[in-house]
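Produce the complete structure using the sequences and hints provided.
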Amino acid sequence: MGRSERYGQGLPAIEAGELKGKLVVVEGTDGVGRSTHIDLLKQWLENSGHAVLDTGMTRSALAGKGLKAAKEGHTLGRLTMSLFYATDFADRLENEMLPALRAGFVVLTDRYIYSLIARATVRGADPQWIRGVYEFALKPDIIIYLRASVEDLVSRVVQTAGFNYWESGMDLPFGSDMYDSFIAYQSRLMAVFDAMACEYGFHVVETSDSIEDSFERIRTMLEPLLITA
Amino acid sequence: MAPGSAFPGRLFIVEGIVGSGKSTQLLLLQKWLDSEGYGTFFSEWNSSALVRDVTRRGKNKRMLTPTTFSLIHSTDFADRTEQHIIPPLKAGALVLADRYIYTAFARDVARGVHPGWVRNLYRFAPKPTVGFYFRISLDEALKRIVGVREAIGFYEAGMDQKLSPDIEESFRIFQGSIIEQYDKMVQEFGLVVIDANRSVEEQQLQMRAIVTKALNGARKTRIRRWVDLNVMVRASRQLKPAS
Chain A
683 MGRSERYGQG
693 LPAIEAGELK
703 GKLVVVEGTD
713 GVGRSTHIDL
723 LKQWLENSGH
733 AVLDTGMTRS
743 ALAGKGLKAA
753 KEGHTLGRLT
763 MSLFYATDFA
773 DRLENEMLPA
783 LRAGFVVLTD
793 RYIYSLIARA
803 TVRGADPQWI
813 RGVYEFALKP
823 DIIIYLRASV
833 EDLVSRVVQT
843 AGFNYWESGM
853 DLPFGSDMYD
863 SFIAYQSRLM
873 AVFDAMACEY
883 GFHVVETSDS
893 IEDSFERIRT
903 MLEPLLITA
Chain B
743 MAPGSAFPGR
753 LFIVEGIVGS
763 GKSTQLLLLQ
773 KWLDSEGYGT
783 FFSEWNSSAL
793 VRDVTRRGKN
803 KRMLTPTTFS
813 LIHSTDFADR
823 TEQHIIPPLK
833 AGALVLADRY
843 IYTAFARDVA
853 RGVHPGWVRN
863 LYRFAPKPTV
873 GFYFRISLDE
883 ALKRIVGVRE
893 AIGFYEAGMD
903 QKLSPDIEES
913 FRIFQGSIIE
923 QYDKMVQEFG
933 LVVIDANRSV
943 EEQQLQMRAI
953 VTKALNGARK
963 TRIRRWVDLN
973 VMVRASRQLK
983 PAS
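Heads up: the protein sequence lines correspond to chains A and B, in order. Following the working numbering, the numbering of the first sequence begins with 683 at its first residue and continues without gaps. Following the working numbering, the numbering of the second sequence begins with 743 at its first residue and continues without gaps.
I should point out that these hints are in silico values taken from the structure, not numbers from a laboratory. Given the structure is predicted, the values throughout are model-derived calculations rather than measurements. Hints should not be assumed to be uniformly reliable.
Said to hold, decoys possible - No more than 27 Å apart at the CA atoms, straight line, and that leaves these computed lysine-lysine pairs for BS3-like:
1. Lys801/B with Lys753/A
2. Lys821/A with Lys724/A
3. Lys926/B with Lys955/B
4. Lys747/A with Lys801/B
5. Lys832/B with Lys753/A
As the list claims (entries may be wrong) - Partial selection, computed: residues in chain A whose CB lies under 8 Å from chain B:
6. Ala743
7. Leu744
8. Ala752
9. Thr757
10. Leu758
11. Leu761
12. Leu765
13. Phe766
14. Ala772
15. Asp773
16. Trp811
17. Gly814
18. Val815
19. Glu817
Beta carbons are placed, not taken as given, at the ideal position from N, Cα and C, and that holds for glycine.
Structure below.
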């Protein structure tokens, strides 16, 4: 990614310097198939000789466990949750992503600041405030935004893990049961994502086709990026 | 910052470096307000049960960078605001906070965090009715801390900044730059400066005079529920005696 670029003020101790690797972000709402595509991408990248680090939300050494535990209870306020996620993100950025990028890895991240901004916004946070919180984030080399209709999401969720409290926005909630709330919550999230697509330059991939077709398109988007990697 | 005047309650906060005597003064203020029949609610820095374990682990294992140090404390403060500051303010209680957002501004900027970024981080905090800053010289503060070497933590001494290998020396340099930050904020945020070199009694009289003016129109009937809540919160944290 060459000289690192940020969205705003860089913070101390993470003056990134020269980054030889590539930062690849996969974004999209719950149930859209992010983990499937990340698994496929990782396989393909490693087969083609790239070192890959994959990471995702709540996996930080510092705050991952604490955040998961806090979500078990129901006293986690909206601001607190947003900032807890920001702590988790910053820890992973500084201690996982940056060192890997310096070493020339392809860093594959399941969600980035955009999901966190979208979730906070849907929960009523000031959009300017939450963007300011994440100003220190590196600008990725590419942002793949996986998209599906809410109907598709519902059928995928039902066939896999079932409705989940947070993915249905039941802390808000937008409906009387998980189904109604899921529909309303995910629709709002998607509206925020769609608005960000232009602002941040997302590469949109519709996932209503087969997994193979979607993956083929993602691969085509990544190829030019990897020539110099 | 959200204007605190949007709520019927009042918010009084104290700031200052370790050894400035701010906690003692706040405690004396609370005793007086309670005896006057106001419902008071006490809130202190690093008190969120949800976040505490993460902060403690980060500090013990020295995993924190200036950024994550700043963010984990803002998370703690957000929890404290959402649970223990805004609800009592809405209910018309007097909230007394030992350290507030200015602690974060002073410390984090002394660690090199961008001043504008950290101010935005805490934009959700209600603006205090009165913010007291207990100003004291570093030498005087040090005299008041018993057993400096044992009493000071790694981050409190700014050891992560590699200012000096000697913890006492590092503490001096780091607290010195924190004082500089506080002094800059007096004007920016309209903090009321209390000369912490004066006697305990004189400082308390000055505080009570200022608070009295700000209490005009505040609800006087002590709300029993808040007292009980205070007890519960303290018990749940196994609160140590005020230092």
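Does the structure break any of the earlier hints, and which numbers would those be? none
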